[in-house]
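Participant: Chain residues, written in single-letter form:
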Amino acid sequence: MNAQAARTPLVEMRNIHVSFGGVHAVEDASIDLYAGEVVGLVGGNGAGKSTLMRALSGARPPDSGEIWIDGKHIAIGNPREAKSDGIETIYQTLALADNIDAAANLFLGRELTDRAGTLDDTAMESATRKVMHRLNPNFKNFKMAVKSLSGGQRQSVAIARAVHFNARILIMDEPTAALGPAETAQVRDLIRQLKAEGIGIFLVSHDIHDVFDLSDRIAVMYHGKIVGTVKKTDVTIDEVLAMIIMGKAPGEATAGELATLHG
Amino acid sequence: MTEATGVHQGSTGSTDAPARRSIRSFLASTEIDTRLAGMIGALAVIWIGFNVLSGGLFLTPRNLWNLSVQSSSIAIMATGMVLIIVSRNIDLSVGSLLGFLGYTMAMVQAIWIPTTLGLGFGQPYTWIVALAVGVALGAAIGGLQGFIVAYGGVPSFIVTLGGFLIWRGLIFRYAQGQTIAPMDATYSFIGGGPAGALGDIGSLIVGALACVALAFILLSSNRRRRAYGFPARPTWAMATVIAAGSAAILAFVWVANSYFWPPALATRYAEANGIIEPLGGLQIPTGIAYPVLIMIGVTLVMTYLATRRRFGRYVYSIGGNPDAAELGGINVRRTITVTYALMGVLVAISAAVQTARLDAAVTNLGVQNELDVIAAAVIGGTSFSGGIGTITGAVLGAVVMQSLRSGMVLLRFDSPTQDIVVGIVLVAAVGLDAALRRRSAR
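One line per chain: the protein sequences are A and B, in this order.
Take 0 as the starting number for the first sequence in numbering that gives the first Met the number 0 and just add one per residue.
Take 0 as the starting number for the second sequence in numbering that gives the first Met the number 0 and just add one per residue.
The following block holds chain A by itself, in its conformation from the complex (with noise of 0.2 Å):
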């Protein structure tokens, strides 16, 4: 043990395999994150970024591998334990129910009752209405099935779903695809906001810039397999790049494989 480990991580996913079918989506994987941490996940399309944050969320356990959740071994078998170990997810197709209305929503699965079992629709609306002003001040819309409404609110009540229930873990799959040049500032401010708060981010995107941008350290997946996690002040985005096309650790790669990248 070296000094650095003295600080237990708040996730630890070890040698995580998941196949479909014969395919390895992710292969050996293993990836840690502190609490008040922004890890960047990036990689091509089909790297393992979204299958791998999946086992971590519940949606698809792995194959085999192990989850540690503060320095403790946890089986993580469906989203319900992975709500209740404090991970939350904001999904890249944001798995809203578009026939509900924005309350509904976010309290799908975790609906407040009367001690008789009866919704308490009027306390959650209450409840959403706090929540989004703090996330979205300009969402007005609570009682309209969120099929109706923007991209952007949407992904605001697929967030507010996410961070309501006190995470500590947050999962985040391209939080800011469907989004407007402000409504993803106002997101980059949130997770700003949600790390200073001590929460541990997952932050997978394309956006290589998003991604240097808001996280402390930058994994990288290519063909299932973790090239390698580096701090962001480590390496320069030409690196990053070289790692996410090529394959290939900080250093493996060529100064003339470099200069391809920008050909």
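Calculated from the structure, these hints are not laboratory results.
Don't take each hint at face value.
As the list claims (entries may be wrong) - Result set (DMTMM-like, lysine to aspartate or glutamate): computed pairs, CA atoms no more than 25 Å apart in a straight line:
id	chain 1	residue 1	chain 2	residue 2
1	A	LYS146	B	ASP199
2	A	LYS231	A	GLU11
3	A	LYS71	A	GLU26
4	A	LYS146	B	ASP358
5	A	LYS194	A	ASP212
6	A	LYS71	A	ASP215
7	A	LYS224	A	GLU196
8	A	LYS142	B	ASP322
9	A	LYS139	A	ASP237
10	A	LYS231	A	GLU36
11	A	LYS142	B	ASP358
12	A	LYS224	A	ASP212
13	A	LYS129	A	ASP113
14	A	LYS224	A	ASP237
15	A	LYS142	A	GLU182
16	A	LYS146	B	ASP322
17	A	LYS142	B	ASP418
18	A	LYS129	B	ASP358
19	A	LYS139	B	GLU30
20	A	LYS71	A	ASP113
Said to hold, decoys possible - Partial chain B-side listing against chain A, Cβ under 8 Å, derived:
id	residue
21	SER219
22	ARG223
23	ARG307
24	LEU326
25	PHE383
26	ILE387
Idealized CB from N, CA, C, for every residue including glycine.
Position chain B against the provided structure of chain A, taking the given hints into account.
Facilitator: Relative to chain A, chain B alone:
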């Protein structure tokens, strides 16, 4: 468009004529479901149309009372079908299952209890034992079908198509095509008929209680919304809704009480009770029939389950986006299984209503009921794409269908013509609904 959770349509288009806008703002402040209002309007048109065409035969207490009884069995099942279709499934087995459960309940009261167990006819517990057996068996069979759909991964269309064949086949297996009759005397009340009704005093009490409950529910929900500082119905809108609702309830009671026992039955009753019949016969108000009371109770319970319980919220979210429901931590499979078990219970209740009404179980009991039930749900605004549909809509859908049939009978249309008209109405209603939905989505 309005949704199951009571979501409200915002005012869209600014190009509307002022009259339309004021209707819309009236609907918005009273929070009346626009789709439901449209259906009630369509029903009014059908009723008035038939009344004119039949020379005033349709809107009589007698016809309306019969209409309410005839609608009840399909309406009871339609409330369950809504939840199944909302969660993107289907149940084609309800007609056959109704026959099978009806037969089983008939066997219990006409053969098994009195003869096989040797306990004799007319026991006070016979009706409730028969009903309990039917309901339990319905829940078990429905639950089994649901389990195969949810956990076995067999499409619901196939599972219930199998059920459609199996349950009908089993009827022949254990009755050899015989009619089982008569039913237990108490059990027969479930089917309605002059004796199976509340009478005038009972109907008035039920009506008054319903008005009080309506006012209480609406006022307490408004008070809660005010307490949280949310927009709530203005007082005038509240008063309008309560007044209109109470008027509808009392009108219904009045119609039911205006239908008197048929003279022959009244005469027999008078003789049996030593009453001397006045000139023109004894006028005994019938009141609300028990099957109608059951239908209203089922509608209330199912609406509560669909909109105010986690179970209903899960059903609708599964219909809206099954992946989201799964990722939200909902046990999708168990929820689907429960919708089918619930359907089985409702089929058992309808089976009791139909066998009690016939005072017998016949082999073609419930034939084609699955189509009527699905049609009622769909005419009532349930969408096959999932996630959309209301219990009250389905009940109204059943009443619309029965009104069409009953009106055509009055006009002496033959049965094939009735089928053609109902078929056209079904397709037209869904087409209109889809067009309106597309317009409101823009």
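Participant: Does GLU36 (chain A) lie within 25 Å of LYS231 (chain A) when you go C-alpha to C-alpha?
Facilitator: holds, 12 Å
Participant: Compare the distance between the alpha carbons of LYS146 (chain A) and ASP322 (chain B) with 25 Å, and conclude whether the hinted pair is satisfied.
Facilitator: Distance of about 15 Å is within 25 Å: holds.
Participant: Within 25 Å, alpha carbon to alpha carbon, are LYS139 (chain A) and GLU30 (chain B)?
Facilitator: OK: LYS139 (chain A) and GLU30 (chain B) at ~18 Å, within 25 Å.
Participant: Between LYS139 (chain A) and ASP237 (chain A), does the CA-CA distance stay at or below 25 Å?
Facilitator: Violated, at about 43 Å.
Participant: Taken at face value, is the distance from the CA of ASP215 (chain A) to the CA of LYS71 (chain A) at most 25 Å?
Facilitator: The hint holds at about 24 Å.
Participant: Using Cβ atoms only, decide whether ARG307 (chain B) comes closer than 8 Å to chain A, and label the hint accordingly.
Facilitator: Hint on ARG307 (chain B): holds, closest Cβ of chain A at ~5 Å, below 8 Å.
Participant: Does the alpha-carbon distance linking LYS224 (chain A) and ASP237 (chain A) stay inside the 25 Å limit?
Facilitator: Cα-Cα ~20 Å, so holds.
Participant: For the pair supplied as a hint, LYS142 (chain A) and ASP322 (chain B), confirm whether the alpha-carbon distance does not exceed 25 Å.
Facilitator: holds, 23 Å
Participant: Holds or violated: are the alpha carbons of LYS142 (chain A) and ASP358 (chain B) at most 25 Å from each other?
Facilitator: Violated: LYS142 (chain A) and ASP358 (chain B) sit about 48 Å apart, past 25 Å.
Participant: Given ARG223 (chain B) as an interface hint, is the shortest Cβ-Cβ distance to chain A below 8 Å?
Facilitator: Check passed: Cβ of ARG223 (chain B) comes within 5 Å of chain A, closer than 8 Å.
Participant: Given the proposed pairing of LYS142 (chain A) with GLU182 (chain A), does the C-alpha separation stay at or below 25 Å?
Facilitator: Satisfied, since the Cα-Cα distance of roughly 22 Å is no more than 25 Å.
Participant: Taken at face value, is the distance from the CA of ASP358 (chain B) to the CA of LYS129 (chain A) at most 25 Å?
Facilitator: violated, 59 Å
Of the hints listed earlier, those the structure fails to meet are numbers 1, 4, 7, 9, 11, 17, 18, 20, 21 and 25, in rising order.
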